[in-house]
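These protein sequences, in sequence, are chains C and D. Residue numbering for the first sequence follows the numbering used here, beginning at 1 and increasing consecutively. Residue numbering for the second sequence follows the numbering used here, beginning at 1 and increasing consecutively.
Calculated from the structure, these hints are not laboratory results. Glycine included, C-beta positions come from ideal geometry on N, C-alpha and C. Worth double-checking, as some hints may not be accurate.
Said to hold, decoys possible - What follows is a set of in silico ranges between Cβ atoms, one per label pair, in the way DEER data are often shown:
#, chain 1, residue 1, chain 2, residue 2, range
1, D, 106, C, 83, 54 to 64 Å
2, C, 171, D, 290, 37 to 47 Å
3, D, 150, C, 146, 52 to 62 Å
Here are the chains, one letter per residue:
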Amino acid sequence: MLESLQLIISLLDSTIRIATPLIFCAMAGIFSERSGIIDIGLEGKMLLSAFVAATATFLTGSPILGLFAAILASCSASLIHGFACITNKGDQVISGLAINILASGLTITLGIALFSRGGQTPPLGSEQRFMPIEFPFLDQISFIPVFGDLFAEVISGHNVLVYVSILAVFFTYYVIFKTRFGLRLRAVGEKPEAVDTAGISVIKMRYQSILIAGMLCGLAGAYLSIAHGAGFGREMSAGKGYIALAAMIFGKWNPIPTLFACLLFGFLEALGVRLEGVELLWIGEVPVQIMQALPYVLTVVLLAGFIGKARAPGAIGVPYSKEG
Amino acid sequence: MRSSENKTGNETTVSLPVSTKLAIELKDITKRFGHVIANNDVNLKVESGTIHGIVGENGAGKSTLMNILFGLYKPDSGTIFLNEQSVEVNSPEKSIALGIGMVHQHFMLVPTFTVLENVMLGNEGSMFLKSGEESILNRLKGLSKNYGLDVDLEAIISDTPVGMQQRVEILKALNRGAKILILDEPTGVLTPQETIGLFDILRSLREQGVTIVLITHKLKEIMSITDTVSVMRGGKVVADFATKKTSSEELAENMVGRKVLLSIKKPASKVGKSILEVKDVSHDSKDGVNVLKDISFSLKEGEILGIAGVAGNGQSELLDILSGIEALQKGQITINDKPIFSHQEWNSKKARDFGIAHVPEDRHKRGLVLPFHNYENSILGYHRNDQYSSGFLMDKGKILNFTNELIQNFDVRPRSPSIISGKLSGGNQQKLVLAREIESKPKILLVGQPTRGVDIGAIERIYEDLMELKSKGTAILLVSVELDEIMSLSDRILVMNQGTIVGETSSSNATELDLGKMMSGLEQVREDRNE
């Protein structure tokens, strides 16, 4: 009994660790896509900023500077995307793909050039990372049977970016649904003509949105290399950007449901890791690959059938042009 | 009738009393799109507190001019004066600040937003929606009451009828303090009753000192509501009139540049035996929505049967089924005494074999392949006929000859069989489609919205062609949202509302008001209560 509780608690703990970059990226996706810009470049921006975070931190010794550098890098990628598909009305999917390819190649090339470690950055010491924060009053509540453990393992003991990611969800929700900026952002993704004729610049709104998306992706990247991990590894984003995109669609472009979708994907991955080599009742040992594939299979199944009509913002993917 | 004291053409101008203030004055406005000159040295004066109409055919430059005034387009040259002061309007933001509001032909509303959110957009009152809401709500209540602008603020736009959407657009403009209101083709989507309601609102706005510019191609509306009117043709304002001193005929003449017959002479034709019987046809759309319900009617040789109704009440689906585009799900169609029940025996090729020709509602999507040449489009759907081929191959020479003949006979301009059809004007595209279908010598012609987006000059020609076809004994089913068109062309009129036929009259007994009531479903409601 105690053992299975322990198992559940440690599963939830990893769920949160795994879900954090998904949450940042999915929120980024919401900002971008709610404004009408498809953002499959989430993956590339995250990868790029992970590399820049690790490199800057290694060079300066400050994870804070690393974080800012990551955000800067990710926002630059956003601006490239914006220049291609907002200013020059290019295809948003192609532009996003280009960013992913660019990030994949650039991080390896620069990594080898700078550090000659096969694309990796040198490992970072604990003072060069965002380390787990233990909540102060843990000892006082540790006597409470289930809750005490739950609190100590699942709620407490994460690095600061984990908590920031949860805040980002509420930030996203509040900004999108409760502020003037959010109203305009949603409008510009549904019907840009309505925004234009209301005297608001469509171009400006969309650039602002993708810059916010860039910032959030930067946080995701920094989390990977200087908080959760201790350095950058080749292709370390490993498709998380795409999973985040799926979570966002699963959450119907709404922050709160998207948070739960991210947690679900995180949980499945945690489960996959946990069940590696474990004998399952009736089934026996399941190959690792199947468990690892589980989140992706789920993505396809969920998106194909179970979620009903996911209605994308009305003007998504369509460059805005006034004349004609 | 044109009164003799009226002058025609370019020299006609309204002499404005010196004391009145001009709300809008446009001087020598020119705007080019590439090589096309959309506005060519346009001059326009609108007095403060009046309703000014702008009429003109498609492509005459009306909408371009108004988009310039609203700041959406930048003019290449020219000056804009508002309240007799020179201003630069380079963005909608600026024009809104100057007190200009515009209700666009295609509504600028976010379909997923509530009415309130749409009205707030751009004028939220505060960083945070909640705190801005209250003051806006109060202002809106005042506005709605003063002008009879009845809206449900909590409703989602996509669920509201177009009449309300239009009121939301007007509210939007007023909420931002518009003193000049531009309306671009506002009545295209409205029932006659809704149009009357709109005009009441416009009149009360005028009383409160709002200046209104009304763009339309419906001359009757110009005559009934405007104080002054300008006619545009070929990118220029060609005449200005005080509405009281002009007539529909004179306006039409100025629009087209030549005399136009607005009334249609119905030829005496012999109505023969029934050729098409539709019995209890019901239809569900792909989303499972019931779009047609127990439709029954018959169509006779030499008769034009008009189907009136607001767009989206099942007319399109009915045309699709009769022309074989959609499957016949339920009910029966009988053509020349041959009953047809199912899709196996019914598709668009079979329909053609039966002698059914179809001028579709959307000529861009279904009537023509726009990037094709005229000679290709002129045989579209009939390309299997032997007359266009020799052996296995299509015979371009024969097709070109045929197309030349078609273009001559039906006055399609420019008279070139090898021009790309997409480059023709709307009217000429429609003439080409109509020519092709008529030339197939159909027993039954299905016509959807024959004059949508078509110039007056071409409309005249299209009506003549239809009348000639009818006099030859062809049965014609005419679907149109233009009541005038239905009333003046048809022998009998059916009215559709929400997928059912709610009424039938002969055109000699029909009045616009009665038809309007039936179109909006009011008549039907009354009958239900009596039962």
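Residue 150 of chain D and residue 146 of chain C, beta-carbon distance inside 52 to 62 Å?
Because 58 Å falls inside the window, the suggested range holds.
Within 37 to 47 Å or not, the Cβ separation of residue 171 of chain C and residue 290 of chain D?
The hinted range 37 to 47 Å holds for residue 171 of chain C and residue 290 of chain D, with Cβ atoms some 45 Å apart.
Given a hint of 54 to 64 Å, does the C-beta separation of residue 106 of chain D and residue 83 of chain C actually sit inside it?
violated (29 Å)
Consistency note: the structure conflicts with earlier hint 1 alone.
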